[in-house]
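Listed here are the chains, written in short residue letters.
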Amino acid sequence: MYNSPYLRQNTSVRRVMVTVLVAMLPAIALQVWLFGIGLLLQIAIASATALACEAAMLSLRRRPVARALGDGSALVTAWLIAVCLPPLLPWWMIVIGTSFAIVIGKHLYGGLGQNPFNPAMLAYCVLIISFPALMSQWPGLQGSDAATQLDWVLGGERVLDAVTGATPLDALRTGLLGNADVSAVMQSAAFGHLGGAGWEWVALAWGAGGLLLLALRIITWHIPVAFLGAMSLVSGVAWLIDPSHHASPAFHLLAGGTMLGAFFIATDPVSGATTPRGKLIFAAGIALIAWLIRAFGAYPDGIAFAVLLLNICVPLIDIKTQPPVFGHKVEPPEGGTR
Amino acid sequence: MLSKLFSFNGGVKPDPNKSLSTREPIARLALPPQLVIPLHQHIGGTPRPLVSVGDKVLRGQRIGAADGNVSSAVHAPTSGHVVAIEPRPMPHASGLSSPAVVIEPDGQDIAIEREPFDWHAAAPGEIRDFLRDAGVVGLGGAVFPSHLKLNPGKSGHTDTLVINGAECEPFITCDDMLMRAEPGNILRGALIMQRMLAAKQVLVALEDNKPEAAVALKAAAQALGHASLEVVVVPTRYPAGGAKQLIRVLTGIEVPHGSRSTDFGVQCFNVATALAVWRALEHGEPLTRRIVTVTGNVERPRNFDVAIGTPISHLFAAAGLKPDTDKLIMGGPMMGIPLPNIDAPVVKATNCLLASSPTLFAPPEPELPCIRCGECARACPADLQPFELYWHSRARNFGRAQEYKLFDCIECGCCAYVCPSHIPLVDYYRYAKSEIWARERDKDAADSARERFEFRNWRADREKEEKAAKLAARNAAKPAVKPTDGAGDAATAADDPKKALIEAAMARARAQKEAVAAKNTDALTPAQQAQIDVAEERRKRASALSGSDAPAE
Numbered sequence: 001m002y003n004s005p006y007l008r009q010n011t012s013v014r015r016v017m018v019t020v021l022v023a024m025l026p027a028i029a030l031q032v033w034l035f036g037i038g039l040l041l042q043i044a045i046a047s048a049t050a051l052a053c054e055a056a057m058l059s060l061r062r063r064p065v066a067r068a069l070g071d072g073s074a075l076v077t078a079w080l081i082a083v084c085l086p087p088l089l090p091w092w093m094i095v096i097g098t099s100f101a102i103v104i105g106k107h108l109y110g111g112l113g114q115n116p117f118n119p120a121m122l123a124y125c126v127l128i129i130s131f132p133a134l135m136s137q138w139p140g141l142q143g144s145d146a147a148t149q150l151d152w153v154l155g156g157e158r159v160l161d162a163v164t165g166a167t168p169l170d171a172l173r174t175g176l177l178g179n180a181d182v183s184a185v186m187q188s189a190a191f192g193h194l195g196g197a198g199w200e201w202v203a204l205a206w207g208a209g210g211l212l213l214l215a216l217r218i219i220t221w222h223i224p225v226a227f228l229g230a231m232s233l234v235s236g237v238a239w240l241i242d243p244s245h246h247a248s249p250a251f252h253l254l255a256g257g258t259m260l261g262a263f264f265i266a267t268d269p270v271s272g273a274t275t276p277r278g279k280l281i282f283a284a285g286i287a288l289i290a291w292l293i294r295a296f297g298a299y300p301d302g303i304a305f306a307v308l309l310l311n312i313c314v315p316l317i318d319i320k321t322q323p324p325v326f327g328h329k330v331e332p333p334e335g336g337t338r
Numbered sequence: 339m340l341s342k343l344f345s346f347n348g349g350v351k352p353d354p355n356k357s358l359s360t361r362e363p364i365a366r367l368a369l370p371p372q373l374v375i376p377l378h379q380h381i382g383g384t385p386r387p388l389v390s391v392g393d394k395v396l397r398g399q400r401i402g403a404a405d406g407n408v409s410s411a412v413h414a415p416t417s418g419h420v421v422a423i424e425p426r427p428m429p430h431a432s433g434l435s436s437p438a439v440v441i442e443p444d445g446q447d448i449a450i451e452r453e454p455f456d457w458h459a460a461a462p463g464e465i466r467d468f469l470r471d472a473g474v475v476g477l478g479g480a481v482f483p484s485h486l487k488l489n490p491g492k493s494g495h496t497d498t499l500v501i502n503g504a505e506c507e508p509f510i511t512c513d514d515m516l517m518r519a520e521p522g523n524i525l526r527g528a529l530i531m532q533r534m535l536a537a538k539q540v541l542v543a544l545e546d547n548k549p550e551a552a553v554a555l556k557a558a559a560q561a562l563g564h565a566s567l568e569v570v571v572v573p574t575r576y577p578a579g580g581a582k583q584l585i586r587v588l589t590g591i592e593v594p595h596g597s598r599s600t601d602f603g604v605q606c607f608n609v610a611t612a613l614a615v616w617r618a619l620e621h622g623e624p625l626t627r628r629i630v631t632v633t634g635n636v637e638r639p640r641n642f643d644v645a646i647g648t649p650i651s652h653l654f655a656a657a658g659l660k661p662d663t664d665k666l667i668m669g670g671p672m673m674g675i676p677l678p679n680i681d682a683p684v685v686k687a688t689n690c691l692l693a694s695s696p697t698l699f700a701p702p703e704p705e706l707p708c709i710r711c712g713e714c715a716r717a718c719p720a721d722l723q724p725f726e727l728y729w730h731s732r733a734r735n736f737g738r739a740q741e742y743k744l745f746d747c748i749e750c751g752c753c754a755y756v757c758p759s760h761i762p763l764v765d766y767y768r769y770a771k772s773e774i775w776a777r778e779r780d781k782d783a784a785d786s787a788r789e790r791f792e793f794r795n796w797r798a799d800r801e802k803e804e805k806a807a808k809l810a811a812r813n814a815a816k817p818a819v820k821p822t823d824g825a826g827d828a829a830t831a832a833d834d835p836k837k838a839l840i841e842a843a844m845a846r847a848r849a850q851k852e853a854v855a856a857k858n859t860d861a862l863t864p865a866q867q868a869q870i871d872v873a874e875e876r877r878k879r880a881s882a883l884s885g886s887d888a889p890a891e
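Which chain is which? The protein sequence lines are P and Y, in order.
Taking our numbering, the leading residue of the first sequence gets 1, the next gets one more, and so forth.
Taking our numbering, the leading residue of the second sequence gets 339, the next gets one more, and so forth.
Source of the hints: derived by calculation from the structure; they are not laboratory data.
Even glycine gets a Cβ: it sits at the ideal position worked out from N, Cα and C.
Check the hints yourself; a few may be wrong.
Unchecked claim - Quick partial rundown of chain Y residues pointing at chain P, CB under 8 Å, derived from the structure:
1. 352
2. 672
3. 673
4. 674
5. 694
6. 710
7. 721
8. 723
9. 737
10. 754
11. 759
12. 765
13. 769
Stated by the list, open to error - For lysine-lysine, the following DSBU-like pairs were computed, each having C-alpha atoms within a straight-line distance of at most 35 Å:
14. Y/538 <-> P/329
15. Y/351 <-> P/320
16. P/329 <-> Y/492
17. Y/816 <-> Y/851
18. Y/781 <-> P/329
19. Y/487 <-> P/329
Unchecked claim - Rough simulated footprint, nothing fancy, chain P against chain Y, three-plus residues with beta-carbon under 8 Å:
20. 589-595
21. 621-631
So that you can see chain P by itself, here it is in the shape it has in the complex (with noise of 0.2 Å):
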């Protein structure tokens, strides 16, 4: 027996899950095309990582395993994860990073739905604090072949900068810690149009990606906006103040990790605000938190940092942000109320 509604939308947690892979893709396509394949290897490893963890830990906390499986949750993780990281790490990187976020990040809370912290953003900073170096060697623009890369990521020799170099974000925090101005750093080849090499690029299929998300209603326009536009201002604030010091808002938003965190990690239902002005607080915090990380911190970009930061925060941003009941928006009229 069974009560109403008898009738049901046709949807589903692996459709949402399903559609946010898809999104993905864009961006990971134009990634692979411009920077090699070693992407595509981390992605191939840290889902075989995540579906591992996944099964075991449904086996061991006695959940039924095909069914939790074929939600797709733990490969959104892990892709996240694959893209987040510099494409040549390491693979037994990769499968730290990932048991730690599906182990500990998610399934010791309780499982999907339960983890109070965005997974994938726990394995970031889990790896960036255990290998600071490691973790700063990005590709540069095609400056490998697939040979090499597939030798990086499977454990071969590693010589350092023949392949890789420093991020743009990490060449401007250097740059600025030598006392360069920002256009004199801005001059080197890291830096493309806007963003850096390639990356802006990069930052564009992910936004390209995020609309996607939005006009097929999986997440809604509050946490992207106030993201970027939160990080527009007071990038924008400190660039108009002091442009030698302070990278532009257009920098900023095209570099690092600004749009897949606007429109992949923040957007994160599980671990973020959920009421709509509680997400434009919890954007708007992230933005800030990673710009203050960006412009004076110890790491080069701040998104995972400030992410795990809101996310403690969302407990009290949602309790303190419910939206008014329906009749209960302003005061009934005189005797209105019994």
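Place chain Y on chain P using the hints.
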């Protein structure tokens, strides 16, 4: 003219599936061999039966009288004999029974002679009593007695009377077909309601997926030529037909949970209710029939004009129930209730009978964890956060669920309809609400027990205090009486033989005491006796000096 429509948040757009049952006009269904007319078919008190087993009844005869004002009468839909008055299974998810009058029709369908009632001349109070005794209740599904709502309240007038023909639930078409068939009489009923409520305007609203009904109503409105009467077509979006949602769409007013729309100057009735008011007042016909949509997994879906009390099986037989039917539903697919018993009767609340099959409404897929995607919050027409309500209901954290306004939930089912995790959200809310009600009942019982206990203790304390106070007063009164003794001594003694008796008794007691004291000193030495004599002498002297009756003490 209504220049602007408002909108409510949320809502969903399921496939309406209405054309199934609108292809054929309304058919008048033949009487069954037995009619089972439940006495309690509305919100409020259960009517008292006015007939006994074996009585002959006529069409339109009152067989149950309204129990107080918050109640409504029930009537015989045809002439025949009362064969039983007993509990029968009701069209309710519980399958429980409730008292019903069982009538066997005699096939002659003789109407009872009607008492003339000139509603044009009658006072509003008289019209309300008449409607109560004609059994007119809300036919949109809530079956609230209409006469109670036809009262403008303290202010003496209403701004807007809404006649609800939105019929937003998929599959249901009984109001649609009624609006096509009798638009003029629906509007005439609405105008009577307008007069009773002193309403400035009447808005007859229906969704834009009923163009035929809209054309019929607009033509009828034009023929009636009332400037304050308007037919309004609203966008199709479930649950636009919910009274609060429709009032919001038409007037922009949001009536909060627990408030009456009349406090906001708005009153809302279903189209079929307006017609029932017209028939009762103009033709003296009590409410004994209604239109019922029979649809879903049946061979010939259509609308039937049915005598109330007809067994549901009779309607499904007429529509041709398909063999793979796995479930029967009263109402629509969003809010309908499952029917455990096909022999339960059609009641005033029965707007639709829906047969379900596994292909029509697939059984729910297994429930997955909530991913807080917020689809439910975007679909909720009450602007709630359904996933928070789910979370707290599931955790049995009912206090928090109430803080998130659980009782503002109208159980429309939009949240469960859109949930990608296939969570039966409304079931969780029903469970939480019933648990809270049960706890409140328990708490009320415990509270009254505690109050009784505390009152008992307080009463015991009070009695003790009163006793002590009385004693103190008596003791205080004694010396107060003394000074008067000297003045009226003789008079008192003479007047009061009681006092003399008391004096005599006291004297006897004194003598006795002295005698006893003497007995106890029998074997004494002469020296002791001498001592005692001296002491006695002293005491007597002291008594004589003080003049009191101290030795008696």
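Tested hints:
| no. | hint | verdict |
| --- | --- | --- |
| 1 | 352 | holds, 5 Å |
| 2 | 672 | holds, 5 Å |
| 3 | 673 | holds, 5 Å |
| 4 | 674 | holds, 5 Å |
| 5 | 694 | holds, 6 Å |
| 6 | 710 | holds, 5 Å |
| 7 | 721 | holds, 5 Å |
| 8 | 723 | holds, 7 Å |
| 9 | 737 | violated, 14 Å |
| 10 | 754 | holds, 5 Å |
| 11 | 759 | holds, 6 Å |
| 12 | 765 | holds, 6 Å |
| 13 | 769 | violated, 10 Å |
| 14 | Y/538 <-> P/329 | holds, 26 Å |
| 15 | Y/351 <-> P/320 | holds, 31 Å |
| 16 | P/329 <-> Y/492 | holds, 25 Å |
| 17 | Y/816 <-> Y/851 | holds, 25 Å |
| 18 | Y/781 <-> P/329 | holds, 31 Å |
| 19 | Y/487 <-> P/329 | holds, 26 Å |
| 20 | 589-595 | holds (count 4) |
| 21 | 621-631 | violated (count 0) |
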